[in-house]
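Student: Those protein sequence lines, which keep their order, are chains G and E. Its first residue numbered 171, the first sequence is counted upward by one per residue in our numbering. Its first residue numbered 2, the second sequence is counted upward by one per residue in our numbering.
Possibly wrong hints are sitting among the right ones.
[Unchecked claim] Over the 10 Å line for every Cβ pair with chain E, so calculated as not near, a few chain G residues: (1) Thr197; (2) Leu202; (3) Leu206; (4) Gly207; (5) Asp232; (6) Pro244; (7) Lys311; (8) Asn331; (9) Lys347; (10) Glu361; (11) Leu362; (12) Thr443; (13) Thr493; (14) Arg502.
[To be verified] Listed next, the stretches of chain G that the computed footprint assigns to chain E, with coverage defined by at least 3 CB atoms under 8 Å from CB atoms of chain E: (15) 182-193; (16) 245-257; (17) 332-338; (18) 378-389; (19) 476-488.
[As the list claims (entries may be wrong)] Computed list of lysine-lysine pairs in DSS-like fashion (alpha-carbon distance at most 27 Å, straight line): (20) Lys384/G with Lys164/E; (21) Lys264/E with Lys390/G; (22) Lys61/E with Lys264/E.
No lab work stands behind these hints, which were simulated from the structure alone. Note that the structure is a prediction, hence the values are computed from the model and not measured. C-beta atoms are modelled at their ideal positions from N, C-alpha and C, and glycine is treated no differently.
Take a look at the letters that make up each chain.
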Amino acid sequence: MTDKNNLIVYCEYEDGKVADVSLELLTKGRQLADKLGIKLEAVVAGSNLKDIEKQIFPYGVDTIYKVDDDRLYPYTSLPHSSILINLFREIQPRIAFMGATSIGRDLGPRVSSALHSGLTADCTALEIGDYTDAKTGKEYKDLLYQIRPAFGGNIVATIVNPECRPQMATVREGVMKKEARDSNYVGKVVELDVNKYTRPEDFVVEIIDRHVEKSKVNLKGSPIIVAGGYGVGSKENFELLQKLADTLGAEVGASRAAVDAGWIDHDRQIGQTGVTVRPKLYIACGISGQIQHIAGMQDSSIIISINSDPNAPINTIADYVITGKIEDVVPRLIKYYKKNSK
Amino acid sequence: MSLNIIVLAKQVPDTRNVGKDAMKADGTINRAALPAIFNPEDLNALEQALKLKEMYPGSKVTVLTMGPARAAEIVREGMYRGADGGIVLSDRAFAGSDTLATSYALSAAVRKIGDYDIIIGGRQAIDGDTAQVGPQIAEKLGIPQITYAEEIMGVDNGVITVKRRIESGVETVKAALPLVVTVNGSADACRPRNAKALQKFKYAAVPSEVAADEAKQAFIAKRPYLNIGEWSAASVDADLAQCGLAGSPTKVKQIENVVFTAKDARRIENTDEQLETLIKELIANHTIG
């Protein structure tokens with residue numbers, strides 16, 4: 171294990187399947203590793219990990235660190251943190267990614283604190299570039315640009331970690347594209363001894379009950395999304411959006427403001443702190459268009475904006491702009507769709 | 002059994018319903034246009050702490066916040082709702098802190114408080130949404146963490162039981178005290194102000210708030226419960242190299258007010274005719290239907 175200063179992705183898995191978000195990060199990781207001329211590595215900790223590498227190698231992974239032990243699944247903070255902290259001290263990654271999931275957001279900060287390395291949460295873009303410290307004038311080559319909306323999504327910040335390693339970032343599911351590199355790609359597997367990387371006292375948190383609920387909402391997979399924002403105005407008006415969605419065979423989504431207002435469940439939130447979607451058609455109803463929302467839907471093929479404000483920021487990225495009230499426009503769209511569809 | 006509970010709270014600009022005047026013409030934030038509020042998920046955390054206080058009489062709830070002296074507002078707010086007191090950690094040396102430097106400073110303050118069983122805070126603050134400070138404090142104190150908590154079920158023989166809500170469902174976990182718990186917005190809302198507590202703590206203040214008012218100082222001196230702690234970096238023995246900008250590994254390279262590459266949007270008049278034409282077009286090009 172002498173390879174150092176590479177790019178590593180912490181891979182999550184459930185039911186024997188590596189999580190999509192981890193595969194998306196491996197895809198992005200491969201691109202950046204190529205650019206930097208370094209290796210792509212993965213670390214996975216859990217139980218029954220036999221053959222897990224078959225799912226990971228096709229993404230162009232050169233080394234997989236595997237820690238297989240019954241006590242490592244389901245995930246708990248301390249043993250997984252210890253594994254990463256100890257492994258990272260050994261292999262000194264230049265860059266480390268994890269999913270901005272309840273696991274990655276629990277694990278990442280703990281690891282970054284122990285290693286005194288910078289961590290940027292919920293990045294929407296990751297790039298490589300140079301940086302000059304404005305105070306010292308010191309130049310840094312090939313840093314990781316961690317780009318994320320900040321301040322409730324009103325600005326976009328580019329964050330760098332000039333001195334500390336690894337440069338750590340979390341990214342939400344669906345933000346990066348998932349694309350295998352080569353189905354025949356094979357790297358090496360390094361099995362790690364759990365007892366060397368964890369301490370007995372790491373296993374103090376005990377999961378006594380686990381109730382897995384499958385999400386009923388499939389925003390990511392829906393070709394049409396009818397989304398509502400603060401301008402929808404009420405829970406009742408959201409029912410109008412639901413009617414339009416039912417008519418078109420679409421899912422209902424929402425901006426954060428609508429979720430915060432309590433008009434709709436948070437699992438329908440689209441944006442940087444919600445789900446990222448790329449549907450064929452996105453109908454934005456009463457959504458003003460904060461960056462934090464646009465970050466999660468700007469790659470939609472066609473965007474229709476319905477807003478009473480003709481100057482709503484979202485109109486600048488829309489293909490069609492309808493200026494009017496939701497309760498006025500939406501019922502008529504339903505009516506004309508019914509009239510014209512077979 | 003009584004518990005010593007520290008509630009981590011942050012005063013944040015209300016970024017949720019940002020009006021048009023929130024950004025200045027030069028693309029920077031107009032903080033003055035945003036009201037300062039008690040971070041919403043920290044209120045959920047406070048409620049869990051107050052519930053524990055009811056379950057285990059004699060327990061003590063202390064609100065800890067880092068920020069300017071003005072942040073005493075949220076400590077008072079916490080006291081109006083049932084907290085016993087609080088501390089504002091305030092020093093120029095903390096300016097420019099990223100999450101790591103923030104967690105360092107707060108963990109130093111927690112160490113100074115010393116006697117704690119549960120440190121509880123919101124999962125994340127709405128001005129940053131990072132969810133990092135809680136776990137980082139846990140790591141710095143060398144204690145376990147339970148994140149994404151929705152309900153603290155109880156404490157028995159030094160073992161806490163917590164229900165967590167995560168993407169995949171619900172998990173119930175047990176861990177030994179002391180520990181850090183971070184609470185989701187899906188947890189119970191915080192109780193409102195209590196009229197008696199409001200009466201009692203109305204004049205609570207940090208020393209710098211009453212620095213120019215000798216009468217108020219004398220009033221508070223006679224009533225120690227009105228004294229909100231105001232701690233500096235020195236008073237929590239913080240290593241200045243780990244505070245503020247110096248202690249922050251992450252640097253902001255640039256901040257932009259994003260300008261979207263404007264598409265050539267087609268304006269659809271809000272008339273029956275134009276709406277129907279749009280629908281027909283979308284059907285014809287197989288976008289819908």
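Student: So, for every hint listed, does it hold in this structure?
Tutor: Okay, the hints, checked on the actual structure:
1. Thr197: Non-interface label on Thr197/G holds, nearest chain E Cβ at 21 Å vs cutoff 10 Å.
2. Leu202: It holds; Leu202/G is separated from chain E by about 17 Å at its closest Cβ, greater than 10 Å.
3. Leu206: Holds, because the least Cβ-Cβ distance between Leu206/G and chain E comes to about 18 Å, which exceeds 10 Å.
4. Gly207: For Gly207/G, whose nearest Cβ neighbour in chain E is about 23 Å away, the distance exceeds 10 Å, so it holds.
5. Asp232: For Asp232/G, whose nearest Cβ neighbour in chain E is about 27 Å away, the distance exceeds 10 Å, so it holds.
6. Pro244: Non-interface label fails for Pro244/G: nearest chain E Cβ at 7 Å, not farther than 10 Å.
7. Lys311: With a cut-off of 10 Å, Lys311/G remains clear of chain E, as the shortest Cβ separation is near 14 Å.
8. Asn331: Contrary to the label, Asn331/G does not stay out of reach of chain E, its closest Cβ about 5 Å off (not over 10 Å).
9. Lys347: Non-interface label on Lys347/G holds, nearest chain E Cβ at 20 Å vs cutoff 10 Å.
10. Glu361: The claim stands: Glu361/G keeps its Cβ more than 10 Å from every Cβ of chain E (closest is about 27 Å).
11. Leu362: holds (21 Å)
12. Thr443: violated (5 Å)
13. Thr493: violated (6 Å)
14. Arg502: Its Cβ does come within 10 Å of chain E, the nearest being 5 Å, so this is violated.
15. 182-193: violated (count 1)
16. 245-257: With 4 residues close enough to chain E, the hint holds.
17. 332-338: holds (count 3)
18. 378-389: The restraint on the region 378-389 of chain G holds, since 7 of its residues have a Cβ under 8 Å from chain E and three suffice.
19. 476-488: Holds: 5 residues of the region 476-488 of chain G have a Cβ under 8 Å from chain E.
20. Lys384/G with Lys164/E: holds (18 Å)
21. Lys264/E with Lys390/G: holds (24 Å)
22. Lys61/E with Lys264/E: violated (57 Å)
Checked against the numbered hints listed earlier, the structure breaks hints 6, 8, 12, 13, 14, 15, 22; every other hint is satisfied.
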